[in-house]
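Protein chains: 4
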Amino acid sequence: MPRIGVETERRQSLVKAAIEVIGRTGSLDVPVKDIARKAGMSPALAFHYFGDKDEIITATMRHLLRELTAEFARGLAGRTDPLARVEAVIEASFAASQFDRNTVAAWLVFYVHAFQAKGAARLLAIYSARLDSNLRHALRGLFDDAKAERVAAGLAALIDGLYVRHALRRSGPDRNRAIALCLDYLQAQCRAPN
Amino acid sequence: MPRIGVETERRQSLVKAAIEVIGRTGSLDVPVKDIARKAGMSPALAFHYFGDKDEIITATMRHLLRELTAEFARGLAGRTDPLARVEAVIEASFAASQFDRNTVAAWLVFYVHAFQAKGAARLLAIYSARLDSNLRHALRGLFDDAKAERVAAGLAALIDGLYVRHALRRSGPDRNRAIALCLDYLQAQCRAPN
Amino acid sequence: MPRIGVETERRQSLVKAAIEVIGRTGSLDVPVKDIARKAGMSPALAFHYFGDKDEIITATMRHLLRELTAEFARGLAGRTDPLARVEAVIEASFAASQFDRNTVAAWLVFYVHAFQAKGAARLLAIYSARLDSNLRHALRGLFDDAKAERVAAGLAALIDGLYVRHALRRSGPDRNRAIALCLDYLQAQCRAPN
Amino acid sequence: MPRIGVETERRQSLVKAAIEVIGRTGSLDVPVKDIARKAGMSPALAFHYFGDKDEIITATMRHLLRELTAEFARGLAGRTDPLARVEAVIEASFAASQFDRNTVAAWLVFYVHAFQAKGAARLLAIYSARLDSNLRHALRGLFDDAKAERVAAGLAALIDGLYVRHALRRSGPDRNRAIALCLDYLQAQCRAPN
DNA sequence: AATGAATGAGCCTTCATTCAT
DNA sequence: AATGAATGAAGGCTCATTCAT
Numbered sequence: 001m002p003r004i005g006v007e008t009e010r011r012q013s014l015v016k017a018a019i020e021v022i023g024r025t026g027s028l029d030v031p032v033k034d035i036a037r038k039a040g041m042s043p044a045l046a047f048h049y050f051g052d053k054d055e056i057i058t059a060t061m062r063h064l065l066r067e068l069t070a071e072f073a074r075g076l077a078g079r080t081d082p083l084a085r086v087e088a089v090i091e092a093s094f095a096a097s098q099f100d101r102n103t104v105a106a107w108l109v110f111y112v113h114a115f116q117a118k119g120a121a122r123l124l125a126i127y128s129a130r131l132d133s134n135l136r137h138a139l140r141g142l143f144d145d146a147k148a149e150r151v152a153a154g155l156a157a158l159i160d161g162l163y164v165r166h167a168l169r170r171s172g173p174d175r176n177r178a179i180a181l182c183l184d185y186l187q188a189q190c191r192a193p194n
Numbered sequence: 001m002p003r004i005g006v007e008t009e010r011r012q013s014l015v016k017a018a019i020e021v022i023g024r025t026g027s028l029d030v031p032v033k034d035i036a037r038k039a040g041m042s043p044a045l046a047f048h049y050f051g052d053k054d055e056i057i058t059a060t061m062r063h064l065l066r067e068l069t070a071e072f073a074r075g076l077a078g079r080t081d082p083l084a085r086v087e088a089v090i091e092a093s094f095a096a097s098q099f100d101r102n103t104v105a106a107w108l109v110f111y112v113h114a115f116q117a118k119g120a121a122r123l124l125a126i127y128s129a130r131l132d133s134n135l136r137h138a139l140r141g142l143f144d145d146a147k148a149e150r151v152a153a154g155l156a157a158l159i160d161g162l163y164v165r166h167a168l169r170r171s172g173p174d175r176n177r178a179i180a181l182c183l184d185y186l187q188a189q190c191r192a193p194n
Numbered sequence: 001m002p003r004i005g006v007e008t009e010r011r012q013s014l015v016k017a018a019i020e021v022i023g024r025t026g027s028l029d030v031p032v033k034d035i036a037r038k039a040g041m042s043p044a045l046a047f048h049y050f051g052d053k054d055e056i057i058t059a060t061m062r063h064l065l066r067e068l069t070a071e072f073a074r075g076l077a078g079r080t081d082p083l084a085r086v087e088a089v090i091e092a093s094f095a096a097s098q099f100d101r102n103t104v105a106a107w108l109v110f111y112v113h114a115f116q117a118k119g120a121a122r123l124l125a126i127y128s129a130r131l132d133s134n135l136r137h138a139l140r141g142l143f144d145d146a147k148a149e150r151v152a153a154g155l156a157a158l159i160d161g162l163y164v165r166h167a168l169r170r171s172g173p174d175r176n177r178a179i180a181l182c183l184d185y186l187q188a189q190c191r192a193p194n
Numbered sequence: 001m002p003r004i005g006v007e008t009e010r011r012q013s014l015v016k017a018a019i020e021v022i023g024r025t026g027s028l029d030v031p032v033k034d035i036a037r038k039a040g041m042s043p044a045l046a047f048h049y050f051g052d053k054d055e056i057i058t059a060t061m062r063h064l065l066r067e068l069t070a071e072f073a074r075g076l077a078g079r080t081d082p083l084a085r086v087e088a089v090i091e092a093s094f095a096a097s098q099f100d101r102n103t104v105a106a107w108l109v110f111y112v113h114a115f116q117a118k119g120a121a122r123l124l125a126i127y128s129a130r131l132d133s134n135l136r137h138a139l140r141g142l143f144d145d146a147k148a149e150r151v152a153a154g155l156a157a158l159i160d161g162l163y164v165r166h167a168l169r170r171s172g173p174d175r176n177r178a179i180a181l182c183l184d185y186l187q188a189q190c191r192a193p194n
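Note that the protein sequences, when read in sequence, are chains A, B, C and D. Going left to right, the first sequence walks through residues 1 to 194 as my numbering numbers them. Going left to right, the second sequence walks through residues 1 to 194 as my numbering numbers them. Going left to right, the third sequence walks through residues 1 to 194 as my numbering numbers them. Going left to right, the fourth sequence walks through residues 1 to 194 as my numbering numbers them.
All clues stand as given, with none of them false.
Since the list can't tell identical chains apart, any single copy or any two copies may satisfy a pair.
Calculated lysine-lysine pairs in the BS3-like style (CA-CA distance at most 27 Å, straight line):
| # | residue 1 | residue 2 |
| --- | --- | --- |
| 1 | K16 | K33 |
| 2 | K38 | K16 |
| 3 | K33 | K53 |
| 4 | K33 | K118 |
| 5 | K53 | K16 |
| 6 | K118 | K16 |
Bear in mind the hints are in silico, worked out from the structure with no lab data behind them. Here the structure is a predicted model, which is why all the values come from computation and not from measurement.
Could you build the full structure based on these sequences and the hints that come with them?
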């Protein structure tokens, strides 16, 4: 039973710290020193492990993506019913691990960052494509292709919007409300003709 | 016919430039030098007129807010029919002046910035309250109070989500698609019971 | 009766303002803008009249020196008795016009400035020589040459020291106390042998 | 035998350099860059150790004060005779370490600086109180209280004046002359009645 | 006579990054 | 494995100074 390598542990600490600091600050222009301190080590060590500030950022983003992907996988596992699968995607999107205020903020920061940084854009595109594809596939079990497409686009946007609004203010919808609003949208579309 | 004051002109140039630079970069940590150069003047002059980088940022944010508010006012003017008013809000949200890629990006940057900066948060809260209130009022003409509330929350989130998604990639929904999705949501809710 | 020229008036305002600002700040590194504002005009006008910040500074110093010199002349005028002349020098040194807090501070600033700036050093040397010579001449009527020299050096230093100490704190000796201490020194030397 | 910490060493170098540069320039408005270069390091390192330009300045002032205090302590140690103690204070005031031209100039700069900077004023007040108190105590062994008070004030001012005059020009009284003038003052007061 | 517009230069400070230990 | 020492580069901001009006 190999104990987790020191290096792996350090890298994880740094990534966790990065999420926190980036999220709290709302910016990627965050001193590596701050991230390192929050992770309980010297900045030099952070550079030792990641080589670059950019690498820290990228690793952090990958971590966020990987967690979200895992959430999807966990939620979808074993469910075959289309409606259940859509619901699973929705719930995974608002999973506790994703809905922490700092995490949401960090997500948004990366979101914006991707406007300009090609690498970040590529990573986000993957997530986006996966979410959309998950939704589309499931929705095709409920609607005809055109409508499935449309509902998928709407649902994806709704999820993102709720996500964003949640982060901004305490008064933003909480997890359950967010899920309820998504399901409401889904039901309305189910009842609507065409 | 008094010509526009030099100062006013300069300030406007700077604000325009700030939107562009901030939007393109996806960050507020942008050298004033860059903003000033894009506005065709020296950094010193930018400081002369605004005193502070922070003031440049704030003025830029206020400008964005004012434009959006104006868009709402223009759209709502003279319409009394509830449905027409809801549609007006939706269309105003995706008005051309707001949907330019850099502008959207700048919006998001401020959005994220507001997580931490009290002043920015206050400004955004004003916009947010106004949008929500516009929606709620109009929707109360179409639904009972509880549902109006719910649809308003959903629609607001949907708008934000479409907005965000538009910014991220070329492939994001364009203006017409975005409006169509919002109207689709609205119609679905109209048809749905309760 | 020629009215004072506008230019002369402006220059005087600026010099007065410079004393105040320099004195209050305790530094020559004072924005010309501040001096100009206190003098009620735009910085550009200050440059128009003096050409240079350095010229403003120099003119200010000259003004201080001229005032002190005038004070000496006024005090010594018509007095021939050696003791009376010494007392006149002492009193002139602590004349009200010289003992204002900001003026004292400005004096000190120039004093220190003269450590490095040749021009300022030359100006101060003139003052210093004049004070010393005034004292020496008067004291030669009271003591033999060697002692006159010595007492002159002591008295001059005492005056400077009281001057300096006055500026630093409220608790510093006031004008009358300062004069009394100088006279006390003088009397003690009169009574002492040799 | 633990070698002196690098940090302590660097800080000392910087303080020494600051005295030199401030003294030579006659101003606190001195680029940190200049101080750092004279201390043989990069400006960034200076900030690393002191955090602030202000801290460099303050530390420099404290250093000067500490040295002077030490000089007093050294001079007074073991002397009980009142006259000897007064002489010790005088000599300490003109100790070689204090009488270096740049040091004197730096002292004056701080002196003037204290007119406006509360912190500096507080530090100087401490020194001033200590010098005065040393003098007063010793002089009470030679004169009645009222006269002791008076002589202390005069002697303190005389010391400051000689100090200042020394700094201004080469031709100023040298160390021995300064001491002689102080002792002369003291003797004259001893012989004078009352 | 007077001033607002405008800028280059310079200063304080921060930060990513390297290196010797 | 870990860190303190060290720095070059860059950014915010101020200021003396010039110029057109």
